[in-house]
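**Q** Sequence:
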Amino acid sequence: MNLKIPENSLTCDLLNFNKLEFKNIFLNYNKNFDGILNFAFFDGNGTVNFETKNYFSQISGSFLIENINLKKLIGSLNEKILLTGLLNLKGYFNLNEKKIKEFEIEFNSVDKRGIEKYMNFGLIELISSLSETSPVKKFGKSNFYYKKISGKITIKDEYLIIEGLAKEKGDKQYIVIKPFLLPGINLFIDKKNNKILLQEFINRVKIAIDRIKNRYEN
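Be aware that the sequence shown starts at 2, since it is given in the numbering used here, and climbs by one per residue.
The hints are simulated quantities; they were obtained by calculation from the structure and are not laboratory data. Fair warning: there could be bad hints in the mix.
To be verified - SDA-like, lysine to any residue: derived pairs with alpha carbons at most 25 Å apart:
hint, residue 1, residue 2
1, Lys173, Leu161
2, Lys196, Asp172
3, Lys72, Thr48
4, Lys20, Gly47
5, Lys179, Leu166
6, Lys102, Gly92
As the list claims (entries may be wrong) - Pair ranges (Cβ atoms, derived):
hint, residue 1, residue 2, range
7, Asp158, Asn50, 23 to 33 Å
8, Pro180, Asn55, 46 to 56 Å
9, Glu80, Phe57, 28 to 38 Å
Small disclaimer: the values here were computed from a predicted structure and weren't measured. Glycine included, C-beta positions come from ideal geometry on N, C-alpha and C.
Please model the complete structure; the sequences and the hints are all you need to start from.
**A** As structure tokens, then:
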């Protein structure tokens with residue numbers, strides 16, 4: 002890590018955080034420690050605008066990350082799970098020194114010529130495990146193409162809410178929509194049951210990932 006700290010700014014070539022790589026980091030801030038953070042993230046580019054209060058006891062702001070390479074991002078976290086394509090992220094946050102007061106992130110896939118968009122059975126199984134359902138057994142273990150991924154995650158008052166923004170039909174909010182001709186699968190959230198305790202959600206993710214990892218190793 003090559004860290005440089007001139008007055009009112011900071012630059013860093015590379016920062017690793019839980020297997021996530023942030024590159025070409027540039028931070029510009031004022032005397033109140035409000036500022037703008039720019040960085041590269043798995044072939045995409047990100048910007049964070051933030052404000053601080055009481056010497057970082059509270060931080061709030063908004064962010065935008067465009068054209069993230071999903072294959073590189075997901076592969077860095079778990080090599081058994083595959084998701085290709087490009088993704089944009091945007092949202093806002095309000096944090097204090099003790100907890101997340103409010104956090105919202107919206108994710109949308111990007112249509113770009115020459116970029117394939119598909120996921121493997123490992124990712125489908127992970128999503129199914131989180132919802133405690135098994136809707137994909139009949140489809141086998143081939144790759145699944147998608148036309149669109151779109152959704153929103155909100156964390157507030159220690160609860161997590163997941164919404165599908167790709168399409169809505171009745172009580173179903175779709176996160177993933179399959180293409181017309183290629184093999185794929187639609188994934189949706191029941192908007193009547195889209196709220197869960199944040200810690201319970203984290204526990205489900207850990208259990209699901211361990212289950213997938215053990216299945217591939219065995």
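**Q** Against the structure, test the hints numbered earlier, and report the numbers of the ones violated in rising order.
**A** none
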